[in-house]
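Participant: Sequences are here, hints too, so could you generate the full structure?
There are 6 protein chains.
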Amino acid sequence: MRIKIINPNTTLSMTAKIGAAARAVAGPGTEVLAVSPASGPATIEGHYDEAMACLGLLEEVRKGESEGVDAYVIACFGDPGLDAAREIARGPVLGVAEAAMRSASYLATGFSVVTTLQRTVVIAEHLVDKYGVRGQCRRVRACELPVAALEDDGAAAYQTILAECQRALAEDGCGAIVLGCAGMADLCERLQAALGVPVIDGVVAATATAEALLRAGLRTSKRGDYAPPRPKAYKGLVCPFAPG
Amino acid sequence: MRIKIINPNTTLSMTAKIGAAARAVAGPGTEVLAVSPASGPATIEGHYDEAMACLGLLEEVRKGESEGVDAYVIACFGDPGLDAAREIARGPVLGVAEAAMRSASYLATGFSVVTTLQRTVVIAEHLVDKYGVRGQCRRVRACELPVAALEDDGAAAYQTILAECQRALAEDGCGAIVLGCAGMADLCERLQAALGVPVIDGVVAATATAEALLRAGLRTSKRGDYAPPRPKAYKGLVCPFAPG
Amino acid sequence: MRIKIINPNTTLSMTAKIGAAARAVAGPGTEVLAVSPASGPATIEGHYDEAMACLGLLEEVRKGESEGVDAYVIACFGDPGLDAAREIARGPVLGVAEAAMRSASYLATGFSVVTTLQRTVVIAEHLVDKYGVRGQCRRVRACELPVAALEDDGAAAYQTILAECQRALAEDGCGAIVLGCAGMADLCERLQAALGVPVIDGVVAATATAEALLRAGLRTSKRGDYAPPRPKAYKGLVCPFAPG
Amino acid sequence: MRIKIINPNTTLSMTAKIGAAARAVAGPGTEVLAVSPASGPATIEGHYDEAMACLGLLEEVRKGESEGVDAYVIACFGDPGLDAAREIARGPVLGVAEAAMRSASYLATGFSVVTTLQRTVVIAEHLVDKYGVRGQCRRVRACELPVAALEDDGAAAYQTILAECQRALAEDGCGAIVLGCAGMADLCERLQAALGVPVIDGVVAATATAEALLRAGLRTSKRGDYAPPRPKAYKGLVCPFAPG
Amino acid sequence: MRIKIINPNTTLSMTAKIGAAARAVAGPGTEVLAVSPASGPATIEGHYDEAMACLGLLEEVRKGESEGVDAYVIACFGDPGLDAAREIARGPVLGVAEAAMRSASYLATGFSVVTTLQRTVVIAEHLVDKYGVRGQCRRVRACELPVAALEDDGAAAYQTILAECQRALAEDGCGAIVLGCAGMADLCERLQAALGVPVIDGVVAATATAEALLRAGLRTSKRGDYAPPRPKAYKGLVCPFAPG
Amino acid sequence: MRIKIINPNTTLSMTAKIGAAARAVAGPGTEVLAVSPASGPATIEGHYDEAMACLGLLEEVRKGESEGVDAYVIACFGDPGLDAAREIARGPVLGVAEAAMRSASYLATGFSVVTTLQRTVVIAEHLVDKYGVRGQCRRVRACELPVAALEDDGAAAYQTILAECQRALAEDGCGAIVLGCAGMADLCERLQAALGVPVIDGVVAATATAEALLRAGLRTSKRGDYAPPRPKAYKGLVCPFAPG
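Heads up: the sequence lines are chains A, B, C, D, E and F, in that order. Going left to right, the first sequence walks through residues 1 to 244 as this note's numbering numbers them. Going left to right, the second sequence walks through residues 1001 to 1244 as this note's numbering numbers them. Going left to right, the third sequence walks through residues 2001 to 2244 as this note's numbering numbers them. Going left to right, the fourth sequence walks through residues 3001 to 3244 as this note's numbering numbers them. Going left to right, the fifth sequence walks through residues 4001 to 4244 as this note's numbering numbers them. Going left to right, the sixth sequence walks through residues 5001 to 5244 as this note's numbering numbers them.
Be a bit skeptical, because a hint or two may be false.
[What the hints assert, rightly or not] DSSO-like cross-link-like pairs, simulated, lysine-lysine; straight-line CA separation at most 30 Å:
id : chain 1 : residue 1 : chain 2 : residue 2
1  : E       : Lys-4235  : F       : Lys-5232
2  : B       : Lys-1222  : A       : Lys-63
3  : B       : Lys-1130  : E       : Lys-4130
4  : E       : Lys-4235  : C       : Lys-2130
5  : E       : Lys-4130  : F       : Lys-5232
6  : F       : Lys-5130  : A       : Lys-222
7  : D       : Lys-3130  : E       : Lys-4222
[Said to hold, decoys possible] Restraint-style ranges between C-beta atoms, simulated for each label pair:
id : chain 1 : residue 1 : chain 2 : residue 2 : range
8  : A       : Ser-13    : B       : Leu-1012  : 40 to 50 Å
9  : D       : Asp-3152  : C       : Ala-2227  : 14 to 24 Å
10 : D       : Pro-3028  : C       : Glu-2171  : 52 to 62 Å
11 : F       : Arg-5167  : A       : Ser-13    : 24 to 34 Å
12 : F       : Gly-5196  : D       : Arg-3167  : 34 to 44 Å
It should be emphasised that the hints constitute simulated quantities derived from the structure, not laboratory data. Please read all numbers here as calculations on a predicted model, not as lab measurements. Each residue gets a CB set at the ideal place from its N, CA and C atoms; glycine is no exception.
Facilitator: Now the structure itself:
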């Protein structure tokens, strides 16, 4: 099977890390494609960045449909464009926040999220509500690291994140940690070893879950709001992306 | 004061109707600009259309900031791009669904939403949860009218919508109707007269509320996640829209 | 249009302040009546005071109906008698807590309420649930000021409230402040200037929103539980207030 | 022990029925006082009636404190004035809706409420939320009986209520019925015999629960918002009821 | 009437204390049986202990049905086996957590729970949600006392619990305390005297409430999921417990 | 890896079907053990059956720990004993209801559950709340088939279930079906083909998800309430199952 990981952040070093994490968890017969769109923000750190990332991200899903892609992972913790992507994909589409938070729910009765900037905390909290894990999510914590800092100085970033995870375990009454940025994928294993509790990276969780859904013969429902978009004219810059 | 109504549907006859509804409610000193973006879907009828509408819509907000616009209304019942728009606007930005549902809450302990296609019902229901009106919203009803039908044959559309509103009053235990599409703005007054209960059109509600917020001296908070986007590079098609 | 602001606290200096705040926000063609009922507590600081305030408050609504009043504002943060008032009014009736909290929701993804006494915090929290803003309201904070202190020594009160607002911004992750007492109406502008975030006073928010609803042609629904009370006999002291 | 049942409806035949129901359930050493206030609506069928009932009702609590009353029951399904009454009572104060709905929760995983007029359904639904029984309450049903009809023609009322209860059992998936008006107290036993499921009358449930709390040595907390009202001046008609 | 208190902890000194507390609250005509099952954990301190306690506990209910028992109390704060017990009992079955938390809701708008070990906090929090008291329960607090410590050194345990209750009152904004372990039943009265707020022990609350329900003529609904279990074969160790 | 599927129903033909479904979805390197406990009900159709199933079920987990089992699936839609099992297992433990409902959430914005007997509907609804999928679960439907009927006459059962699924799609506004009994595992593929929407069987979903978690290097958290049970004495029949 072929799973396409789309990192809507257009920082390619981050995409490479994400691809490596996905490949490490994928089963033997699974091909992992890890890409960044041709269009989009270098990093995604707010509502505006998210909205602007959708065009490129959705184009990668559209291309995937003719590349024989079986499932997609959107590798940004705000899960931008998720519902839209499901309209145009036949196979499952998973967001990394959704997959990480649901996976954590199998492993502990409470988890905390450790993310990058404070301003993205609200985005994660809205997803906590959307995905119905308010009862499990003890707290969403920021460590005031810009996404780019994860690329620039991984070692410093690791120490900052580790410290925040330790505070989470000490103060939040949680039994697991969810990493709140796809760019932390390469730190997951070390953090889990250091902390002694499950540390869930969404890229890994989403890739493994996408495989699981495919193996179970499950695809996106085409009955209801995930049916293909109604054909219509689009105008201006988005004209080439009109549903046919 | 200057209020810009952005209809992210790029069907100009719809924009004209919306502008007329907004102007009719605006106070004497208020200038209403009603526009459709240069880029976007002819009509918005699903998650994908919404995502694709954001780019043009946000560009209109960005332009508005240099046009002396004091407040914005996003005239599509899914409230696409609302949080993103608030990051780049100084003044208030209102979605029509948000304004309509909150306005209805002042007038009745229960309202029903009457919208276009069944596939958009989920979008409205998610907004019901987001805006905390689950206790007031008795039901979201579709009348299986495509958005374009509101333009093509207004008379037929009126009858279909009226019938659905009557079913809502008979079956849902509601005391008010919220119109679930900005393209119904021109039908609001007639429906209210025919039904004898408050009928709330979001364009009217949002325009009037935006004026109210401005008169109260209130602007979008720039502390937290509505602070201006962090400056960064954007790539490809969205490159011109990078936050400066 | 004519809007009647009813301050159920029978402290007239407070009513004067409230009237001034309402007049400052009202549009040119709007007449603001600001009154305290003939009957009621000097200040409202608990469930009992609220219940005892209703009789006088509702009588002011009843009189308003024959005075050509178009809309009403109940100027006490517990929104006492709100549903009852809507039964006997044709036009919109707004509570200041309701209007303030809903207005704040347009401006920030999170707000905190700063109110007077700790014992009224529960009242505000119940309204947070009733109005569906649990997801936006980060915290309700008391500064242990009796309502009368707002009249007696405004300068000291201002400092106390300012300090609590600053704690809210520092600790609660909120982007806006809602003032939890109508008697703080005169401090709103100074607080907003000092804090640099939206500070929402309910008197201002409710007056402006009432005007907006009127301009939008919206009135209280008379279908359902806001229909006029059923005619019946009342006994004893309340006999003169029986619905006719 | 001495329990005072206050029927805020000032229809004395109803108070007599309520008193009989309370006495039938009370233990041997318990004295039941059943009264209607000197002031208030003949029947309570809406928000306005409720608000107007509070003055008389609270006066009965105030008098009770000097009559050696140990606990109070507010015998109207909207539980008017409940929080206010708790401020001025030392012993427990129970509303019949609260007691009925909580008692039902011990006996079935789902119950339906059968009440009088459709316009009071919203009042009951708000209490369902306030008391946290949304998960248990399958539906609130009206049988369009005015409260007075329960007094005027008990036999006809019985048949109407029975039929609605049967519909509830057939359609709602409930295992118990809560009677939504204190004036139905005399029908409870017959309905339970006819229906074969628990039928909970609030007067009976509240009286029995009040006794239980007293026997357990429990009183209203005087820490927090149920502390006695702060002393202050009251003006006009309510002047005699000012907290001392 | 005959009420059977089943302490699923098989520590008999604890059962004796529990029986004494129940007898002290029971009315004159009420016989209290206090037992521990023949089978089960010495103390219950987690999900596994709870699951393992059910067999013995349910057997005591089954025996009760032929002993003329009118109502049951499950005396362990996790309310293990409650729904199952209701299937096989004719009379009411009450859990101590359920009864304590609902009783507290009549007395204060907020309570905190003080329980034994941190690992049982999640169990109590799940019950807070199940019983719909999330709005009332300010916090669940552990004092890191194993259940056995309540038996071994009551004086030390008392001091530890008292201190935690005091912290709850100081920090949680609560007006009442719920004791989170049936083994604290003997400390309730002293704690209440020391703290000056209602302190609710579940054994006392459940016994008194069971009596109240019986006096009100109420039994477990046999319509729906509390109907007797369907007859069927059981295998192995549980074979003797198959529903007949 | 080695995954143990425990069917707590002790009907071996059902266990065989469940094992086949699990093996069909498992990856090449995965060994599936499918067992029924030595002790337990022939079928599980209520709270009592569930409680009585736990002993045997948990013993199978305990044995699994010394058999090198990496993950467990509890193959009964009520997810009995799930939290208890997680205390004694090192690897992930998944309930079929949990896995099915979470998997459905990736594929459609709304699903309906089709289960066996009406009396088990409440059990499923409680899980809907526990797992936070109230927003996705449109309805839980029973088709009044006893579990044994799935074994006795599969063809008739298929028709009954198919008809109920068709009603769900026609009436509930759902885009996917969750099968509400592990004994329906063999019908899943045919139903999905017939209905044209995702049909999720929990055995398949849980087995695939368990593999995914293992491949992602995730295990049950041992910090908090899933830590191993505290060592203590057990009495009577459960004595051999005491935590060591």
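Participant: Taken at face value, is the distance from the CA of E:Lys-4222 to the CA of D:Lys-3130 at most 30 Å?
Facilitator: The hint holds at about 28 Å.
Participant: Given the hint of 14 to 24 Å, is the C-beta distance from D:Asp-3152 to C:Ala-2227 inside that range or not?
Facilitator: holds (22 Å)
Participant: Regarding D:Pro-3028 and C:Glu-2171, is the given constraint of 52 to 62 Å on their beta-carbon distance met?
Facilitator: holds (55 Å)
Participant: Assess, step by step, whether the Cα of E:Lys-4130 is no farther than 30 Å from the Cα of F:Lys-5232, and give holds or violated.
Facilitator: Holds, at about 29 Å.
Participant: With 24 to 34 Å as the target window, see if F:Arg-5167 and A:Ser-13 comply at their CB atoms.
Facilitator: violated (53 Å)
Participant: Mind checking the hinted window 34 to 44 Å against the Cβ distance between F:Gly-5196 and D:Arg-3167?
Facilitator: holds (36 Å)
Participant: Given the proposed pairing of E:Lys-4235 with C:Lys-2130, does the C-alpha separation stay at or below 30 Å?
Facilitator: violated (51 Å)
Participant: For the pair A:Ser-13 and B:Leu-1012, does the Cβ-Cβ distance stay inside 40 to 50 Å?
Facilitator: holds (44 Å)
Participant: Take the C-alpha atoms of B:Lys-1130 and E:Lys-4130, compute the straight-line distance between them, and say whether it is at most 30 Å.
Facilitator: holds (24 Å)
Participant: Can the restraint linking F:Lys-5130 and A:Lys-222 be considered satisfied, given a maximum Cα separation of 30 Å?
Facilitator: At roughly 28 Å apart (the allowed maximum being 30 Å), A:Lys-222 and F:Lys-5130 satisfy the hint.
Participant: Between B:Lys-1222 and A:Lys-63, is the straight-line Cα distance small enough, at 30 Å or below?
Facilitator: violated (38 Å)
Participant: Compare the distance between the alpha carbons of E:Lys-4235 and F:Lys-5232 with 30 Å, and conclude whether the hinted pair is satisfied.
Facilitator: Holds, because 27 Å separates the two Cα atoms, which is no more than 30 Å.
Comparing the model with each numbered hint stated earlier shows that hints 2, 4 and 11 do not hold.
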